[in-house]
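Student: Here are the chains, one letter per residue:
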Amino acid sequence: MNGFNRRIKIRIEKIVLYTVLAVFIAFCLFPLYVTFRMSLQSPKDVWKNTFFFLPTLDNYKAVLLGLSHVGKASYPAVANFPYYLLNSIIVSVAVASVSLLLALPMSFAMVRYKFSGKNSLLIYIFFIKMLPPLAILFPLYVLFTKLNLTDTRTSLVIIYMTWVLPLSIWMMCGFIEDIPVALEESAMIDGCTRVGAFFRVVLPLAAPGIAATLIFNLILAWNEFLYALVLTGSHAKTAPVAICSFIYFQEIAWGCLCSAGMITVIPIIFLVIPIQKYLVRGLTSGAVTG
Amino acid sequence: MLHLRGQFRKFLPYILCSPALLVLLAITIMPVGYLFYTSFCTWELEGFRPVFTGLANYKTLLFRDSDFWHSMGITLMYLIIGLSLQFFLALGMALIVNKSNLKLQGILRTVIIMPMIITPVVIGLLWRVMYNPTFGTINYVLRGVGLIDQSIPWLGQTSTALLSVIIVDTWQWTPFVFLLLTAGLKSLPVEPFEAAQVDGATQWQMFRYLTLPFLQYIILVAILFRGSDIFNTFDLIYILTKGGPGTTTQSLNMYGFYHMFSWLNLSYGASIIVSLLILVGLFAAFFMKILRVRVV
Chain A
240 MNGFNRRIKI
250 RIEKIVLYTV
260 LAVFIAFCLF
270 PLYVTFRMSL
280 QSPKDVWKNT
290 FFFLPTLDNY
300 KAVLLGLSHV
310 GKASYPAVAN
320 FPYYLLNSII
330 VSVAVASVSL
340 LLALPMSFAM
350 VRYKFSGKNS
360 LLIYIFFIKM
370 LPPLAILFPL
380 YVLFTKLNLT
390 DTRTSLVIIY
400 MTWVLPLSIW
410 MMCGFIEDIP
420 VALEESAMID
430 GCTRVGAFFR
440 VVLPLAAPGI
450 AATLIFNLIL
460 AWNEFLYALV
470 LTGSHAKTAP
480 VAICSFIYFQ
490 EIAWGCLCSA
500 GMITVIPIIF
510 LVIPIQKYLV
520 RGLTSGAVTG
Chain B
143 MLHLRGQFRK
153 FLPYILCSPA
163 LLVLLAITIM
173 PVGYLFYTSF
183 CTWELEGFRP
193 VFTGLANYKT
203 LLFRDSDFWH
213 SMGITLMYLI
223 IGLSLQFFLA
233 LGMALIVNKS
243 NLKLQGILRT
253 VIIMPMIITP
263 VVIGLLWRVM
273 YNPTFGTINY
283 VLRGVGLIDQ
293 SIPWLGQTST
303 ALLSVIIVDT
313 WQWTPFVFLL
323 LTAGLKSLPV
333 EPFEAAQVDG
343 ATQWQMFRYL
353 TLPFLQYIIL
363 VAILFRGSDI
373 FNTFDLIYIL
383 TKGGPGTTTQ
393 SLNMYGFYHM
403 FSWLNLSYGA
413 SIIVSLLILV
423 GLFAAFFMKI
433 LRVRVV
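Protein sequences appear in the order of chains A and B.
Those letters in the first sequence? Residues 240 to 529, per the numbering used here, in order.
Those letters in the second sequence? Residues 143 to 438, per the numbering used here, in order.
What the hints contain is simulated information worked out from the structure, not anything from laboratory work.
Note that CB positions come from ideal geometry on N, CA and C, so glycine has one too.
Please note: incorrect hints may appear among the correct ones.
Said to hold, decoys possible - Only some residues are given here: those of chain B computed to face chain A with a beta carbon under 7 Å:
no., residue
1, Ile255
2, Pro262
3, Val264
4, Ser370
5, Leu418
6, Ile420
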């Protein structure tokens with residue numbers, strides 16, 4: 240009798256668990272589904288809330304080729320989207336690689352060496368991450384205006400570093416901490432210098448972590464909105480700002496909006512899926528090990 | 143030669159740190175210093191140069207600007223509701239998932255990571271689609287179920303606007319808190335729990351006196367990350383409501399943004415952002431203090 244009750248209890252627990260999970264997963268994915276569906280609808284279908292419609296790829300075509308019309312509806316703001324997408328790619332690749340290069344030696348030093356001021360450095364980095372973006376944006380905006388740098392990709396790269404760099408230091412610290420010191424020490428016993436051990440032992444072992452950090456940096460820069468909104472005009476505009484400009488005063492280009500949204504999101508998803516395990520590890524390991 | 147090598151060794155960590163630190167110093171600390179200076183100035187657009195006027199901005203801000211206090215209230219409400227919603231949802235989920243040895247961990251992680259990595263602008267837009275009173279899914283479903291008779295303009299009325307924004311924020315960031323807490327729960331040592339079980343502790347007692355104290359560092363990290371992000375939320379509010387209707391979702395960050403870049407009161411905006419910065423600092427100091435009290 241007792242065993243029977245316990246089995247029932249376990250089964251009920253399982254049912255509850257999977258229901259909660261299913262709801263949670265649906266909650267996470269539903270908005271994506273809605274966007275995907277709308278990106279396939281022609282301008283006249285968007286307004287009908289039906290589950291059955293004729294899917295078209297017109298929105299994707301307009302956004303990717305920079306056409307300014309979908310069917311009979313004309314959306315002039317869509318015209319330059321491919322160029323802005325290119326801007327986004329250039330800026331985020333530059334930011335991601337430069338901050339990774341700067342973060343690597345620093346996080347190595349922070350994990351492997353003991354030196355005075357180390358703890359205050361950690362706190363300092365954490366506080367930089369917490370700064371209101373406007374506190375940095377406004378003075379740099381003034382500076383960029385004086386240097387004639389507004390509306391250039393360079394200015395975006397510089398200002399994105401202010402929050403990509405601290406986060407990549409934070410992540411890299413976690414990854415380097417995961418590598419046992421013993422491996423480096425044995426390499427040094429075999430005649431490697433400390434720097435040699437870094438290049439021959441730490442770098443290869445940290446490769447997945449480095450890839451995860453690089454991709455995380457890419458995503459951060461790719462997703463940024465406020466800085467790009469203020470600092471760019473027609474020349475260096477990035478994809479998120481361009482998407483935002485699909486909302487006119489008179490109407491909103493819903494179909495193009497959704498397809499442009501999908502286009503900006505899909506590369507991220509494909510980048511993240513292979514390294515998700517390491518990404519989660521990097522985001523949490525800094526926190527777990529402290 | 144050996145002596146020189148020793149010297150080099152001693153300075154090596156500083157040399158390794160210096161490139162990143164110098165960059166950070168140049169692009170964060172110096173600008174913040176300039177922001178502080180500007181907040182004590184008056185900045186008319188002609189001449190494009192700040193003129194020192196002492197505490198004038200802060201006097202107006204603290205004693206004559208009701209909008210500032212209104213925005214402060216909005217920010218704190220956003221913080222308290224949003225943070226506790228996200229934290230307790232994530233904690234509940236993490237406890238449920240951690241208790242069972244789940245086979246779908248990989249899929250769960252893939253799905254859960256999605257809201258965190260999607261471009262915030264797109265998230266704002268997609269929720270705007272869902273909240274839309276004419277063709278939005280939320281109203282459609284609620285009407286279909288029969289909970290409401292007429293479509294509700296979720297983002298367009300003062301009573302629901304802030305809550306709608308908070309729900310989107312919760313959607314986006316609960317997974318992050320969940321991941322942090324799950325990682326923390328996985329790294330818990332087993333022995334204390336076995337000992338407690340032998341001594342006949344109840345589930346609640348084990349949670350209260352073992353799990354929570356072990357998790358406190360990671361909880362602090364989660365709160366600091368999320369808290370500072372909520373203080374600094376811009377994209378979501380800008381896309382969803384632009385601070386409206388009226389000023390019902392105008393957080394301090396938005397208010398500062400409008401003063402700086404829309405109404406061109408540069409120095410006044412600077413003083414708003416300085417107060418936001420102080421608020422974030424106080425928030426962080428408060429939670430760090432709580433942590434230290436418990437640790438010692």
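Student: Identify whether the interface hint at isoleucine 255 of chain B stands, where standing means a beta carbon of chain A within less than 7 Å of its own.
Tutor: The hint holds - isoleucine 255 of chain B has a Cβ within 7 Å of chain A, the shortest such distance being about 6 Å.
Student: Does the closest beta carbon of chain A sit nearer than 7 Å to the beta carbon of serine 370 of chain B?
Tutor: It holds, given that the least Cβ distance between serine 370 of chain B and chain A is near 4 Å, below 7 Å.
Student: A closest beta-carbon separation below 7 Å is what the hint needs, so does valine 264 of chain B meet it against chain A?
Tutor: Holds, because the Cβ-Cβ distance from valine 264 of chain B to chain A comes to roughly 4 Å (cut-off 7 Å).
Student: Holds or violated: is the Cβ of proline 262 of chain B closer than 7 Å to a Cβ in chain A?
Tutor: Since the shortest Cβ distance to chain A is 6 Å, the answer is holds.
Student: Holds or violated: is there a CB of chain A closer than 7 Å to the CB of leucine 418 of chain B?
Tutor: 5 Å, holds
Student: Closer than 7 Å between Cβ atoms is the bar; does isoleucine 420 of chain B clear it against chain A? Give me holds or violated.
Tutor: 10 Å, violated
This entry does not satisfy hint 6, going by the numbered hints stated previously; all others are met.
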